[in-house]
Each structure stands twice: as C-alpha cells, then as structure tokens.
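Chains as they are written, first to last, in the numbering used here: chain A, 1 to 335; chain B, 1 to 335; chain C, 1 to 335; chain D, 1 to 335.
One thing to keep in mind: the hints can contain errors.
Because identical chains share one entry, a pair is satisfied inside a single copy or across any pair of copies.
As the list claims (entries may be wrong) - DMTMM-like, lysine to aspartate or glutamate: derived pairs with alpha carbons at most 25 Å apart:
hint : residue 1 : residue 2
1    : K255      : E329
2    : K280      : D267
3    : K127      : D284
4    : K309      : E26
5    : K127      : D187
6    : K280      : D143
7    : K324      : D154
8    : K255      : E222
9    : K324      : E26
10   : K255      : D105
11   : K280      : E323
12   : K280      : E4
13   : K127      : D306
14   : K255      : E323
15   : K255      : E11
16   : K280      : D154
Derived from the structure by calculation, the hints contain no laboratory data. Predicted model only: the values in this text are computed from it and were never measured.
Listed below, chain by chain, are the residues.
Number of protein chains: 4
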Amino acid sequence: MTIERIVLNSERNVSLTTYIQPVGGEYGQIERRPAVLVIPGGGYHFCSDREAEPVAFAYLKAGYQAFILRYSLNEQSVWPNPLDDYEQAMALIRQNANLWHVAEDRIAVVGFSAGGHLAACAATMSKHRPNAAILGYPVIDGDCVREYQRTAPDVVAHVDGNTCPCFIFATRTDNLVPAANTIHLIDALYQNEVAFESHIYSNGPHGLSTGDESIEGNLFCERYPGWVEDSVSWLSDVLGGVTPRGLAGPRFGAKVNGNRERTLNLDCTLAHLMGNPAAKAVLDGAAPGWDSDAPSGRATVIRLGDNLKYMGLDESRICAIEEKLNAIENRGKEA
Amino acid sequence: MTIERIVLNSERNVSLTTYIQPVGGEYGQIERRPAVLVIPGGGYHFCSDREAEPVAFAYLKAGYQAFILRYSLNEQSVWPNPLDDYEQAMALIRQNANLWHVAEDRIAVVGFSAGGHLAACAATMSKHRPNAAILGYPVIDGDCVREYQRTAPDVVAHVDGNTCPCFIFATRTDNLVPAANTIHLIDALYQNEVAFESHIYSNGPHGLSTGDESIEGNLFCERYPGWVEDSVSWLSDVLGGVTPRGLAGPRFGAKVNGNRERTLNLDCTLAHLMGNPAAKAVLDGAAPGWDSDAPSGRATVIRLGDNLKYMGLDESRICAIEEKLNAIENRGKEA
Amino acid sequence: MTIERIVLNSERNVSLTTYIQPVGGEYGQIERRPAVLVIPGGGYHFCSDREAEPVAFAYLKAGYQAFILRYSLNEQSVWPNPLDDYEQAMALIRQNANLWHVAEDRIAVVGFSAGGHLAACAATMSKHRPNAAILGYPVIDGDCVREYQRTAPDVVAHVDGNTCPCFIFATRTDNLVPAANTIHLIDALYQNEVAFESHIYSNGPHGLSTGDESIEGNLFCERYPGWVEDSVSWLSDVLGGVTPRGLAGPRFGAKVNGNRERTLNLDCTLAHLMGNPAAKAVLDGAAPGWDSDAPSGRATVIRLGDNLKYMGLDESRICAIEEKLNAIENRGKEA
Amino acid sequence: MTIERIVLNSERNVSLTTYIQPVGGEYGQIERRPAVLVIPGGGYHFCSDREAEPVAFAYLKAGYQAFILRYSLNEQSVWPNPLDDYEQAMALIRQNANLWHVAEDRIAVVGFSAGGHLAACAATMSKHRPNAAILGYPVIDGDCVREYQRTAPDVVAHVDGNTCPCFIFATRTDNLVPAANTIHLIDALYQNEVAFESHIYSNGPHGLSTGDESIEGNLFCERYPGWVEDSVSWLSDVLGGVTPRGLAGPRFGAKVNGNRERTLNLDCTLAHLMGNPAAKAVLDGAAPGWDSDAPSGRATVIRLGDNLKYMGLDESRICAIEEKLNAIENRGKEA
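Turn these sequences into a full structure, and let the hints steer you where they fit.
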C-alpha cells in the first residue's frame, strides 16, 4: 500500500490522503477496487483522527481503496466550501481511477457527525455523486446543522429520487447530536423511495467511531461495534463484491421499485399506478388482483409484477401488460 | 421443561402455551427467570407457527421462560378482543409468577407483523404493561392496521412517556407491511423520550421470522438474522441479566432522561428546563454552561447534570442546584 | 412441540426425552427433520441439567428434532450399560423416524464430559452409528475415563475409518478433564482420515456448557460461546441444511479422501497410492507430477485427481488413469 | 499512519515494512501501542502479498502497530538466514520502541504457512522472543519443513516451557501442508504447559489468509474467517488491551500453572507435586483432598491451591502450606 497526502487547497488547509492497494499479481483478476472516501467529524471545528484511519482500515481489509478528506474548518467552513472540497476530492478520485486502481462507479462516502452532514450533502446535493453513503450519527436537521456551521444546509429538504443508497447508524442516547437527525433522514429516504439500511443502537454517547476498545472508553451497548462489519456487508450487497475473479455484480439492486423510471413498468407499486389514469385504463379488467380502490398501506409497497405473479397470471399476459405500461410516460415522480 | 396449553377463551379459540424451565438445583441461585410472551403474526387471520416456537427457543436458550399467545382471529378479532386476550394472558402470567418461576417485573412481549401490532398495543395501551417490547416488522399505522382488522387502533397516537422500552426491526423492502410503520413508531418513541433500539435491514420480504435457513427460503440480506442475538443482548441490558448467582440489575436504565419525573432534576435536558420559568430562575447565573438561549438541537438531549460536570462545577454546588430543582413540580410532560 | 419422557430402563433409571417439532403446514416441504441426541455430562455420577435442555434449544431453533438421553449412573454405569442405553435410544429414534419426523440418516450425538465419552463411544464402537458427533470437553483417554467409570473403555484405540465426522471443543485450562483428551482424539481422527473440526479455547473451567450468562458464572474467554453457532453451521455442512423446500445435500462430503474406498480412485492421496505397487505401475510415466519418491509431507494430503489437474493433464487421460485405478482393489486400509 | 520500507539485508533482499500509527492527541493516554510482526508464507520461495497487508489491516484497526517482514528466500533461505532476518527485525523494533510508539513487551508474531514455520521458530528458538505467536496453517514437522527448505529445523523438538503463548489455526482438508503439523504443535505445547488456543476448521484449501471475499475464491467453511477477530480478542486477553486510558493488564495470565517456577507453589498441579518427595512430606496429612496416589488424569491439571479451596481449607492453613512449598526448589522442569 502507498499512502500519499495531496493538498487540495492550501489556503483552507484541505487535503486528500490516499491509501492505494496494489492490484494484479496474487490478487488475481482484480484490476480495479471499489473505494471509500472517509469524511471524519468534528463539528466543522476539527477533523477527528479517531474517525479517519481506524475507519479506513476496516474497508482496506475488505479489499477497498481508501481516501480520507480533511476539509475546510471553522471560519473557512462557510458554505459551500466543505461541499466544494468534497467535489474536488471526488472529481480527483474519478480522474485518477486508472492510476489508483479504483472502480469509478463503486465509490462510497463514509462520514461521521459533521462529516456525516457533509457526506449526506454529497449524497443529495453534489455534482459528483457517490455510489453509496455510510453515515454515522450524522448531523442532518437544519437547526442542528446551524449549531456547527451557520451557513450549512439542512439535508432532509434535498433528499430526492436521485439520492444514492444509504447506510445510517446512531445511538438513541447520543447527547450531542440527537438521534432525531437520523430518524428524519430515514423518513425522507423512505418517502423518496431510496434504498437504505439503518441501525439505531439503544445506548452510547456521541462520537464512538468504530467502537473498538482502542478508540472509546465510555460505556455503550455491545451491539454498537457491529455496524462496521454490517456496513462492509451492505456495501458488498449494493456495489457488488470484490473477488479474486474480479468485481461481482450487486446482490440487490439500488432501486426499491420502478416508480422513478422514465416510463411505467412492472416494478411500479400498485399505489403509484393507481395515481395514473392511463395505467388504470390498462390494468382495470386485464390484471387480476389489481384493485384501483385497494387499501392504501400495502399498495404503496407491492410491485405490480410481484402481485400479478402471486395471482397466478401467465407470463404471456404479464408481458402484454408490461408492453402497454412501457408506452406510458411516468409523470411527476421522475428521479 | 414442561409445556402446557391453557385455553383462555374457548369460544374465541384463544390459548396461552407455557414453556417453563426449572429453577434451583444446578441453576444455582436462579429462583425466578425473566420471560417473553411471544405473539405470532398472521394479519389477524391466522397465528403463524413460524413466528411462535422457533422464536421462543432463542429466549429459552438464554434462560428465559417463554409463553406463546394465540389470540382472537378473523371476525373474532374485532377490537378490543385481541387486546383483552393479551391482558388475560399477562395477568395470568403475573398471578402465576411464583408457580412458573417468573420474575414478574421482567416480562417482555415479542410480536411480529399483526402480532407486532398487538404487542405494540400492549406496550402503549394495556392495563397489564409489559416491561419491554420486541417488535418485528410491526403493523403500526392506522390505515395499515385497518387492512387487517378494521376496528383495530393506530399505535402512534397512543405512544406516551409510559410506553415501555422497545426493540423494533423490519426490512426496507417489505412488500406487505411498509417499513414506514416502523419509522413512524420510532419517531413517536423518540418524541416521547422512550428508550428504544431499531434495525431496518436493507433487503428482505415480509415475514422472515428468525431468518433461519429452516424458516425462510427467500433471498434477504445476511445481516437480518442478527436481530435475534441482538434482541437477547438488548433484553439483558434493559431487564438485567440472568446469572447463576441470580438476577442482575439492568445495565442501562429504561429512561433516557428525567423529563418525565414528578419534579425537576439533574437528569432533565436543558431544553426541558428552559421551558420552565422556575427552573430558569434557579439556573440563570448559578449554572455555568447553562444558557437559556442556547441553540435548540443539542439542548434537547444534554442533561443538566452532565452539562454541569463538563463545565467543571464542583459537587457541592451541583447538589445545591439539585435540591432547588427537586422542589419544583414538573408540569406538562409527566408520564 | 411436544415433549415426552420415555423410560428406556426403569431399573437403571434410563430415559429418553423427546422434543418433537411439527412438519408440513407453514414449514413447507420439510417432511422430516435432522435430529440431535444430547448426552449430558456428570462424571457417570449424575446427568447435568445445564448440559441438557439449554443445549437442545440451540438445535431446536435451527429446525432440528432433539432428544435427551439420561443414561445409567454410578454402580449401574458399569460398562457396557451406558453404551447399551445409547444403542437402545438410537434404535428407538430410527424405528420411530416416521412418527417423529426424523431424517434417520441425519442424526448427530452431542455429548459433554462423561457424556462426551459416551457420545465418542457411539461414534466409534456402537452398532447404531450416529451420522455426526459433537463432543464438548470429552473424556477420551483410558486413564481419565477410569477416574469416572473403572470399566469404561478408552476411545482412541477404537477410532477407525468408520468413525463419523466429529466436531470437538474444549478449553485449554480445563482443570478437571485435561485438554489432552481432546488433542489425543483429534490426532486419532486425523490419522484415520476422519473428517473433523476442533476448537480449543484458551481459557475456561470445566463444564461451561453453552457458555450462556444464565449457565455459567465463571470467568472464561469470550470466544467460548461461539462453539454453539459454529456447531450448528458445521452440522448443516456435514448433514445438509434444512430448508422450507426440504432437506438440502451436504455442503462438504463426510470423507476427506478416497483412501478408504473398496478400490483405488482419483481421490486417493499420492502417499496412499505410492504404497501400492499396482498403482505405481499405472502411474509411473502416465501421470505428470506424480513422483513415487516425492517427499512425504505433502503427499499424504494431495489427492491424485487434484494433482493431475494442477499439472494440466487433459480430461481424457485422467479418465483413462481413473479406469485403471478403479480396477485395483484397495488393501489394508479399507473402512 | 506512516509506512516505511527498511532494507535489513540488501544482498538477501530482506526488508521490514513499518506501519506506524500516531499516539497521544485524540488517542488519549495511549503512549505506546502493542504490535504485530506479520510474516507471510510462500514455501520459502516467495512472500505472499495476500498474507501481508490484508492481515496487518485487521490489527491496525484494533489499535496495534504493524510490521511486515520479507525474509530470505530460495537459495538464500538456507538456515539460519530466515531466523537471523527475524532476529534482526525484532531487535530493530525493540530498539526503536520509543520512536515507533511500541510497547516492547507486547509484540506478537503472525505467520502463515512457511512464514508460520518462521514465526514458530521465533516462538521457540529465537534470541529475541515475541510475547505471543499467531500461526496460520504453519509448517511444523521436520519432514514437511524439509520439502520447502532442506536445512530448516523441525519445530516440535524445540517447544519448551519458555515458548510464548500461541494461537494456531488450520483447515482439516489443507491439501498442501497437512493439518498434522498443527496437531503435533498443540500436542507439544500442551505437554510443555504452554498457554494456547487452536482452531482447526473442517473444510478449506491451503493459503486462505483472512478468508475475505477479496482474497480467496475457493470454497471453504463459513467459520474460517472468524479466526481474524478471534485472534484479535485472544491477543487482547494475553497481552492486555489497548484503551484510551492506556494499556490494560492481561485478562488471563500467560502461564497455565506454576510447574515451571523456580520454587514450588500453590499453582503447581497435584501431579507435579506428587513427583517431588519434599512436597509429599509437606502435604501428606496437612492438605485435605491431597492424595499422593490419586488417579493421574485430573491430577495433571488441578492446581493445589484450587484443590485446597474446593476442600474448604481455611486461608491461614493454606498460607502455611504455601510458605513451606516456596522453600522447596523446583527441579527438573524449570523453564
């Protein structure tokens, strides 16, 4: 591995540290590796060392390339400086994807606390979007954000169908950044049909990082450190695994349904289709189990294709329905 | 172990099955065991066997007594029949605590799907409250509840400061009971200052139960089955462990702060005290680090006592403040 | 589940307790379940409750049927009484395989301490062989065995190629049954080419059972309780998993090579073939990478077929060699 | 972290790569960190990259300093060159303990395959002994060693009471380095009363390293990758943990009994004392539960002090016995 510190902005003391593992040779057909860009916390006042390298090691062990962004702090963290720092870092990583053996469409941000705010901004507002985001006890809500940087934006308002899949964790008893931030974020992700996983552990103070014995001396529940391995497993599900035979495809798609596609399709939920008169015209009568007056709870999550299969419709009739739906433009919710 | 099926209501086909482990002898000073009351799901149409005994075994192994409630179904599940079934079961368990070697103040409900609805009702509306609740992909929202039993209540509206600590899990891609139910519940628990832990796994269909290979053949993310051991660990934190030397005290308190006590105290959050003019009169000037105009995010979670310690106030002055606060009645939020 | 205690021998107070889970219904295509026969320890003086039901629960949760054997003790444990008790129990289980929904070729014994001695005797000397054996801190060596029952046999001398696959665990610091017992057993299993897995944990006293907090109050290393889940995973590898679609095949074969088959074959190790002049006549010249004077270490474990593939021999030539070997009788080591 | 490659011997192409984490600052009272010296395998023909950095990352994450030794290979691996390389590396680490923030009495070697042979030689024959050794599928037996380096020594013959605590793992079906190597080593460690932990996993080929998806594409049992976290936990038990408040003491002593001390003591086993006439003179009569003709199995592991406590002897009499034993020189087995 080679470690290099690249100054991104000397005036604002912004740097990107790169941790690049070799490829080829004994690593078989691995030509490019997925990567994490770690963004430590520190209330926009400092960048915590405890949320930097110890975090990177976990993903390096799993075969990832790692980067650590040290971004604009204090007066220099006036918005959009930190987000600009991120954009510069991610652009640089993608430009050097070949040199650094990075699979440029498999890059996750991993941010904590204020760094979790910046990572969440990357996931929702940036030009150079990450492919997944891991957010530890992130600052999300506008009023909480403003305690650390008055000019920085609320995140929830920017969540939309283009937000990348997220893995979010926090502790219920965080006494600095309320767990409400995490709850509001997952609520917004849910409403915008973004894929996510979340873990809110019952007990633990703010800033636990990996929860390793070497990092943290406070009392917290023993489930907490599990987020590290869980996030590695989740990344592999979402981005695809890294194996000696090369990069595997994702185990689960990044989309939870087809409601954000350009045209209607079998992966749209019943509730989504019910809201479209053209879809109703196609489905009424033709689709057993379809009921445009169905109760609202279940209909928001069952996808039409699954429902037709449960109902035993034969494949040719399902294909006929699919064709007609694909001809209808999807309105109002496009990502 | 002895297993007994007790008919609670023959007309409605309601039963309580008891799984009672011995105490004493080689089990040392264990005289009473904590217990779980398992409430299987099935949309108020059936009681799922897969969410009954396989679940009970996990807690039996950990040293708990176990009970399975089979409650009123279909037409007979008109409200409040299922809740009455629960009340009858829990009352019976506590009446027989001695006979069944049950620690009557250490009884958790464990419910799934519609059974998660019933367990959540037990946690929020019942007369015979459980001491903790474990809720698997529960039905919570009124409109979702009504799909299964038209007369059954929404849960969120009943969450208050008396709700017991909860452990809630679900899958993001549940295609039958939307994960929104879980999100709305944890939001309500948070706002009412109830202790909880939650895990929303990224991928998996409805009804995964323990996620054991023998239970479920569908594809789901490999983190999912972790909820079982995590819930055992959480129960031990909240109720106290069961050891050969007897029952241990809880590792973490069931309260996240002192905002619901009868009088004001050092465990109240800054934000709670700011709202009370008498408290402000005590604290202004006397309490360093106290600022009645402090930004709102952090103030909702920091407890006064912790804050005073961070500020280095000596113990005698903290005691003096405590005494004065204890003389002030807590209004408006009492549990 | 139904629990029944069946008296096997009233004079010697021998019983088999059956824990039978239902099949069919929601359990899908599971018609028969694999099973464990738990044999508690107690120095042939008592049968420990702590090594009985708490152990059974772990396998019940995984979908197994469970049985607990309480065998002849004290004066009545004169050999072969305990082994006769086992034979009677295993014969009964297989006779009732249909009634009890047991897959009769997927039954493991799980024994601890003196019960581990009895389970190891079942694995090596019995008429009604189990299909796998899980042995916890077992008594194996003759001199150690005789401390508990003067007439009982040493196990090591009876290990041969017919011994079933074994999973053995112990603690290095066991102050009652020396870990040497476990080491001698795995050495014998290795030499007889029996499949096994073993875990010797660094620290812990004798008799830890599952290592659950409710079972054991002594200090031991935190890896210890991992044996439970590891043994469930190993059983699934060896016996095949139990899934809602029915029983799956084993993930790994029960044989480590082909040295015990009736005729020579590609799964024989190089060292085994070197010892057979007829095999040498076939292989010399025909098999690249084959060297009848090769150093002895590696040759004892590499199987001919693997070696030929590494050497790049084409399939037709491998088949030709296989045919010739299959015509040669395997001498001296047949199981 | 800083990475530096230090050439130890340019002629033989020997190098030590250092991975040094900072101390102080946010890491609290950590002034020195424990360390691992990783020794990759490769049959004394190459140094495997897969057994180098991916392994180091796991211990770096746990707060350790890490070093990787690339030692003499091929013709240059004639003995004692590789051991000399090790001596040079370990001497250098201890000399630079201050500069590199290393706790010089908390350094473990971690070796694989042929590197496991070298690490085992370090544990048993070196001048600069490590404080613990982690050995992955090591080459131990003379005849197996000689396949890779004709002049290199057998390890078993060199195990004695001075050997450091060891953690050894292997797979039963290793088709290159027989698991017999591991069995022979743990047998020798046991006989010489050395503390150890061992895991022999049922299925997996040679050279699995961490067993991460990115490292290895072959089929192996899912318990295998558990050795990594288990070894981190074991190291913390044996060397003491690294916490923000500084280094903690070991959880378990490195000695399994007192049989190797300079004088007799209460931690000697009964069997050891039985062999000493002076001890018998002290104990006969004075020590209840002591029986100089006791059967041999248990007596080899029970320590006198524990036995006297079980028998209920009061403390003053135990002290009197201790004093007399301490006056007797320990013969024949001194470390």
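Checklist entry - For this structure, which hints from the list above don't hold up? => result Structure breaks hints 3, 7, 9, 12, 13, 15 and 16.
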